[in-house]
Every structure is written in C-alpha cells, then in structure tokens.
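Top line first, the protein sequences correspond to chains L and P.
Sequence positions in the first sequence follow the working numbering and run 1 to 201.
Sequence positions in the second sequence follow the working numbering and run 202 to 402.
A few of these clues could be false.
Derived DSS-like pairs: lysine-lysine, alpha-carbon spacing no greater than 27 Å straight-line [what the hints assert, rightly or not]:
1. K52/L with K224/P
2. K52/L with K253/P
3. K23/L with K224/P
4. K23/L with K253/P
Quick caveat, the hints were computed from the structure, so don't treat them as lab data.
Number of protein chains: 2
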Amino acid sequence: MRFSPLVEQLMEAFRVLPGVGPKTAQRMAMHLLERDRDGGQRLSEVLQVALKEVGYCGRCRTLTEEPVCALCQSPRRDDSLLCIVESPADQLAIEEAGGYLGRYFVLHGHLSPLDGIGPEDIGLDQLEARVAEGGIHEVVLATNPTVEGEATAHYIAAQLGDYGVAMSRLAYGVPMGGELEYVDGGTLSRAFNGRLAFRSE
Amino acid sequence: MRFSPLVEQLMEAFRVLPGVGPKTAQRMAMHLLERDRDGGQRLSEVLQVALKEVGYCGRCRTLTEEPVCALCQSPRRDDSLLCIVESPADQLAIEEAGGYLGRYFVLHGHLSPLDGIGPEDIGLDQLEARVAEGGIHEVVLATNPTVEGEATAHYIAAQLGDYGVAMSRLAYGVPMGGELEYVDGGTLSRAFNGRLAFRSE
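Chain L extracted, bound-state conformation:
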C-alpha cells in the first residue's frame, strides 16, 4: 500500500523544492492536508500568480512583477554606481548589509560554457547597452568568489573595458567574527597579501 494516487502526486510535486526528499515531502503533504488546508490553498494560489506575474525588471533584471523594479525607479539611488550580482538573493544580502546606494544589475547565474550558458543568457548584451548609455562611473563586480564567478567578472571587465568606467571587485579577506584556524588557505593568503595598515584610535 501507498497513499492514494493524488496524495502520492502531491508528495512527488513537493520534491521540486530544494532540499526536500521523500520523507520531508510526505510530511509537507500530510501537514497541509491534515492540519492547514487554508495555508495550502493560499500557497497554491500565490505560487500560481507569482509564476505568471513575476518576471525580470526591464532595467536591472531582478525579479519583479512590475515592468521596472522599485529600486530602479527610486530617485534616491546613485546612478553613477552599478553593482553586478549573480542573483536577487545576493542583491538582497548587499542591501541588508547597508551602505551601498548605487544601482544593480542581476545576471541570474554566471558564465558556464559547459552548460551552454553564454553571455546573452546572463544579460551581458543588456548590461553593455546600459553602460554605453553613459553616466556610470564605477562598476562593482560582485559576482561570487568562486571559479565561475571570477571568470564571469573577468569576462565582464574585458567587455566593458572600452567604456572608460572604473571597475572594482569586493575585497577578499577573513570574514568578521570568524576564527583564523578555520579560514581556508586561499582566503588567508589573500588576506595576508592585502593586509591593511593598523590604525589604533
């Protein structure tokens, strides 16, 4: 015996979620059917609407249901700074850290020739057109500090090289609050080479 076909289908459908295996999917299906049908109904409806309405911002490509997102529309941001990130989640992390007041551009991934992901797939033609408009003084290449993220940053830097904008990359070093003992060698060597003059106040 298994559960009824429809209950089995529901459990199977939950497996599309990241990190959800058979046991968790069963628990989710049981929870909604047994204890929270209203919440399940709402999840189904919001998911339906979000999948239909949410697309990319016409200017920065972040996820939004508007043609242009709220941040791109805001008059309080600095148009001369453009920060390039791999995902909306990265963008949010930078916003929550605070301090950056420029604009963004979201790649939704990184270059990955082996997976057939080329420059157009991550919007680099749109990015170049935006920089070509002028008005941008500095591009912050905030792709992930991974092999693919670095390669993508290098590619973008070369592509935008002719437009006379300053390029920067996030600083590498030891994370705040971490213990040196647990920092990997690559990061530690980068932090050593980029060591800063110590100011005692």
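Dock chain P against the given chain L, drawing on the hints supplied.
Just chain P, lined up with the frame of chain L:
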C-alpha cells in the same frame, strides 16, 4: 529594500510548510522562480486539486480522493482485525513494516480536551458504529506511545468494552538495532518487566 511584494508574498506562503523558516522559504521561492517554473506550476496545480479532492475514506477515515479507499475495498484483507492509528503516516509505517493484513481506522489526532478535541473530532462515534456492525474479533490500539496516545487508547478500550471484542496494544520494549545505553528509563523498565523467554535455536 526587500523583494517585490509578490515575491515576498510567495516567501511568506511557503512558511506554512512544517520546518520552513524565512531563509528556507526564500530559497524555495528563488529556486522555483529562477530555475524551475514548470515544477512550481505543477506543484501549484497538484496542490489545488489535492486540497479540493482529497478527503476522508468513508470507512476508515484515511486520506483518499475516492469515497472509499483502496485498502478498505480490497477483498484480500482480514475483516476481523481492526487497527486504530493516529494518522495516515502511522498507517503507512505499519503497512511498510509488513505482516498486518487486517483493516484500519484513522483518528487524525488524539483526544486532547485542553485543545477542545473530543471523541467526535477523532471519529470515535463512527468507530463505535463500525464495531457495532459485528464481524470484528480484535481491535489493535496502535495510537502513539505518548501520554495523549495512551489516554486515547484507554478511552477507546472503555468505549468498545461492551462489544466483546479482544483489545490489544503494540508491545513496548527496546527498539531493534538500538543500544541500551541510549534507551530511556521508562522504555527500559517496560522492556524488563515484559521480558521474554529466550529460545536458542
């Protein structure tokens, strides 16, 4: 900045799932919007249909989209045995363990006067009617070995006492493959008192 309103709503909607906090909900929403819209679409649709169609089996109260579930319809099960469980997941666990060939009755919970859950809420009137029909020789009280599960088993045993059916409860003892060191005192003392004659073959 947060995400756009619709994306925020989607993240909020995922929080109805058990064990899903803000970070996991964000990851789920991002995953479906960025990488698996087809899977999200299917989840939304199956959830919608399941919530609409799946109800309780008219005979055993397990979850099913049929008026009577497949197990209740099966001619190969023993009508003289009835196993009472708290949830469809418990029923599945017993089925997967194998060996039991009788019928089931699913309570969908246990008695909990403080939460306002009384006998009717867990279908005990329906259970009594079923036993009153006759034909059942033994009722296996397989509610959970918790305070509430025990109390519910006692209540049911008292309720069905007049119908002359045998009542049994799952054996208590040490779990297979466990180590005594990590078994709690209550279980160990139960296992000691219920010790079995050792047969060497």
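| query | Can the restraint linking K23/L and K224/P be considered satisfied, given a maximum Cα separation of 27 Å? | reply | 20 Å, holds
| Agreement of K23/L and K253/P with the hint, judged by alpha carbon distance not exceeding 27 Å | With a Cα-Cα distance of about 23 Å, the restraint between K23/L and K253/P holds, given a limit of 27 Å.
| Taking only the CA atoms, is the gap from K52/L to K224/P under or equal to 27 Å? | 23 Å, holds
| request: Below or equal to 27 Å on CA atoms is what counts here, so check K52/L against K253/P. | output: The given pair, whose Cα atoms are some 22 Å apart, holds under the 27 Å limit.
Violation of the numbered hints given earlier is absent; every hint is satisfied by the structure.
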